[in-house]
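*Asks:* Protein chains in written order, with my numbering: chain A, 21 to 154; chain B, 21 to 154; chain C, 21 to 154; chain D, 21 to 154.
Mixed in with the good hints, there may be bad ones.
Unchecked claim - Away from chain D, derived, C-beta distances all over 12 Å, residues of chain C:
{"hint": "1", "residue": "GLY36"}
{"hint": "2", "residue": "GLY47"}
{"hint": "3", "residue": "TRP48"}
{"hint": "4", "residue": "ILE58"}
{"hint": "5", "residue": "PRO62"}
{"hint": "6", "residue": "GLY73"}
{"hint": "7", "residue": "GLU97"}
{"hint": "8", "residue": "ALA143"}
Claimed, not checked - If the Cβ cut is set under 10 Å, some of the chain D residues that face chain A in the computed set are:
{"hint": "9", "residue": "GLY36"}
{"hint": "10", "residue": "THR37"}
{"hint": "11", "residue": "ASN40"}
{"hint": "12", "residue": "GLU97"}
{"hint": "13", "residue": "ARG107"}
{"hint": "14", "residue": "VAL130"}
{"hint": "15", "residue": "ARG138"}
{"hint": "16", "residue": "GLN144"}
Hints were generated in silico from the structure; no laboratory data involved.
Don't be surprised by glycine CBs; every beta carbon is placed ideally from N, CA and C.
4 protein chains.
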Amino acid sequence: MTVDEVNAFLARDFPGTSNNCAEVGPGWAVARIDTSEIGLRPGGIISGPTVFGVCDGALYYACFTVLGIEPMALTSELSIRFLRPARGTELRARADLQSVGRRSLVGNVVSWTDDIERPVAVAQGTYVRPPTPG
Amino acid sequence: MTVDEVNAFLARDFPGTSNNCAEVGPGWAVARIDTSEIGLRPGGIISGPTVFGVCDGALYYACFTVLGIEPMALTSELSIRFLRPARGTELRARADLQSVGRRSLVGNVVSWTDDIERPVAVAQGTYVRPPTPG
Amino acid sequence: MTVDEVNAFLARDFPGTSNNCAEVGPGWAVARIDTSEIGLRPGGIISGPTVFGVCDGALYYACFTVLGIEPMALTSELSIRFLRPARGTELRARADLQSVGRRSLVGNVVSWTDDIERPVAVAQGTYVRPPTPG
Amino acid sequence: MTVDEVNAFLARDFPGTSNNCAEVGPGWAVARIDTSEIGLRPGGIISGPTVFGVCDGALYYACFTVLGIEPMALTSELSIRFLRPARGTELRARADLQSVGRRSLVGNVVSWTDDIERPVAVAQGTYVRPPTPG
Numbered sequence: 021m022t023v024d025e026v027n028a029f030l031a032r033d034f035p036g037t038s039n040n041c042a043e044v045g046p047g048w049a050v051a052r053i054d055t056s057e058i059g060l061r062p063g064g065i066i067s068g069p070t071v072f073g074v075c076d077g078a079l080y081y082a083c084f085t086v087l088g089i090e091p092m093a094l095t096s097e098l099s100i101r102f103l104r105p106a107r108g109t110e111l112r113a114r115a116d117l118q119s120v121g122r123r124s125l126v127g128n129v130v131s132w133t134d135d136i137e138r139p140v141a142v143a144q145g146t147y148v149r150p151p152t153p154g
Numbered sequence: 021m022t023v024d025e026v027n028a029f030l031a032r033d034f035p036g037t038s039n040n041c042a043e044v045g046p047g048w049a050v051a052r053i054d055t056s057e058i059g060l061r062p063g064g065i066i067s068g069p070t071v072f073g074v075c076d077g078a079l080y081y082a083c084f085t086v087l088g089i090e091p092m093a094l095t096s097e098l099s100i101r102f103l104r105p106a107r108g109t110e111l112r113a114r115a116d117l118q119s120v121g122r123r124s125l126v127g128n129v130v131s132w133t134d135d136i137e138r139p140v141a142v143a144q145g146t147y148v149r150p151p152t153p154g
Numbered sequence: 021m022t023v024d025e026v027n028a029f030l031a032r033d034f035p036g037t038s039n040n041c042a043e044v045g046p047g048w049a050v051a052r053i054d055t056s057e058i059g060l061r062p063g064g065i066i067s068g069p070t071v072f073g074v075c076d077g078a079l080y081y082a083c084f085t086v087l088g089i090e091p092m093a094l095t096s097e098l099s100i101r102f103l104r105p106a107r108g109t110e111l112r113a114r115a116d117l118q119s120v121g122r123r124s125l126v127g128n129v130v131s132w133t134d135d136i137e138r139p140v141a142v143a144q145g146t147y148v149r150p151p152t153p154g
Numbered sequence: 021m022t023v024d025e026v027n028a029f030l031a032r033d034f035p036g037t038s039n040n041c042a043e044v045g046p047g048w049a050v051a052r053i054d055t056s057e058i059g060l061r062p063g064g065i066i067s068g069p070t071v072f073g074v075c076d077g078a079l080y081y082a083c084f085t086v087l088g089i090e091p092m093a094l095t096s097e098l099s100i101r102f103l104r105p106a107r108g109t110e111l112r113a114r115a116d117l118q119s120v121g122r123r124s125l126v127g128n129v130v131s132w133t134d135d136i137e138r139p140v141a142v143a144q145g146t147y148v149r150p151p152t153p154g
């Protein structure tokens, strides 16, 4: 699966989203949001839900590397820790799968803006596979 | 503190947000998003980050009932469970504070669309008070 | 279902546990640990895993009020916030179910020692029902 | 800091604990519980609070690699996902710090029994540094 394939899917299923895929590899992915495309809070702070969204997106794309592009993979639960106010020209998150089970996939996520050494958030969450017909 | 005061603050500090305050009381608040104002996924599904946003907003407004309107109250961490796909004409979340400490406030949140008996997500999270100057 | 029924089950399936059921009602339960039966840290502090255990137990017993006594109900995930050091002669937790779905049950938990007004931890978690044979 | 130093501290501050340190390195640690020393459920299943305890211990020891042996480092919050029933002769968890801030440290944890390829739980959590006197 390639970055272009993920982004073609996003353009079709999530029209108008500013969240796209920047990198993928086996069991991991990087999501990216261009902060010029989204509303910022006074002081140029990127909102918490936007940071949640880039983390959730990265985990979704990481699941694709195992499941194929699977629109019906759904977030079951996610816990997120905000480490510092997020400011910068772009927002990224990298997700790494930690467990791939029959029913669910669990991954770790880290998000940063311009300095990867200073993450803005860390998350862990679960995606469930769609039920198999039968 | 009134609903109108919260919404006047949001209009000033979060221009263009579709997330507003619908109800407040001592230690609790209801946030609301009009889903006609946001992008939906195919099938009319409200995205996970949008559901996160309404939960986070409700907890923010609930903190205001203790702290006053405090822009610098920040989400420290939040864990969210998605219970079913979110479809409907509006999205709401109610937050109830469970603990008010010197440094942080913890609350429970439940989110629903048209049927309050069928919640779309449940969350729990922590807001930190801004540091007091000294 | 009565408190005595839950405790008879615990004596059989969890021999030697110091975690028992103190109260139950529809959709909720209170778990209790006698701190004289467990090891404490210097300063008389109850350990984090013990506090986790009383919260997890309360949620288990709350699920029993819906499922019946179901040994194979399993914790799927739980997030816990520790609010202050836990000291006292007994440790309690109350769980309230927030959502009862076909596959899983989600509940809120609060834990305290001698002063219910000063909780030592707050949690939220998910139990999964056992798969139905068929 | 060495494994022996951590275990000498545990013997002193947590007398009787079955949770000890098996490995440490910069920003990471492995905790270990000998399951012959703890009560098991029917079927030989290790309880959820025990799995929580080994994860929490691993994160505590990982913090020591940054803070030194600091008894007053406290778990602020932890979210844990249980992936499969835990059975085996020993239980281990490895924690890796993801973020080291002025006030708190965040890390990822994975726990397994006899087969490291089949983790029994994955967690993420926050420890807070003790306040500095001043």
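*Asks:* Decide, hint by hint, whether the structure agrees.
*Replies:* Here's how the hints hold up against the structure:
1. GLY36: Check fails; 5 Å does not lie beyond 12 Å.
2. GLY47: holds (21 Å)
3. TRP48: holds (20 Å)
4. ILE58: violated (10 Å)
5. PRO62: About 6 Å separates C:PRO62 from the closest Cβ of chain D, which leaves it inside 12 Å; violated.
6. GLY73: violated (3 Å)
7. GLU97: violated (5 Å)
8. ALA143: At roughly 9 Å from the nearest Cβ of chain D, C:ALA143 sits no farther out than 12 Å, so the non-interface label is violated.
9. GLY36: Because about 31 Å separates D:GLY36 from the closest Cβ in chain A, which is outside the 10 Å limit, the hint is violated.
10. THR37: violated (26 Å)
11. ASN40: Cβ of D:ASN40 sits 24 Å from chain A, so the hint is violated.
12. GLU97: holds (8 Å)
13. ARG107: violated (16 Å)
14. VAL130: holds (6 Å)
15. ARG138: Nearest chain A Cβ about 9 Å off; hint holds.
16. GLN144: holds (4 Å)
Figure legend: structure checked against the earlier numbered hints; hints not met, in rising order: 1, 4, 5, 6, 7, 8, 9, 10, 11, 13.
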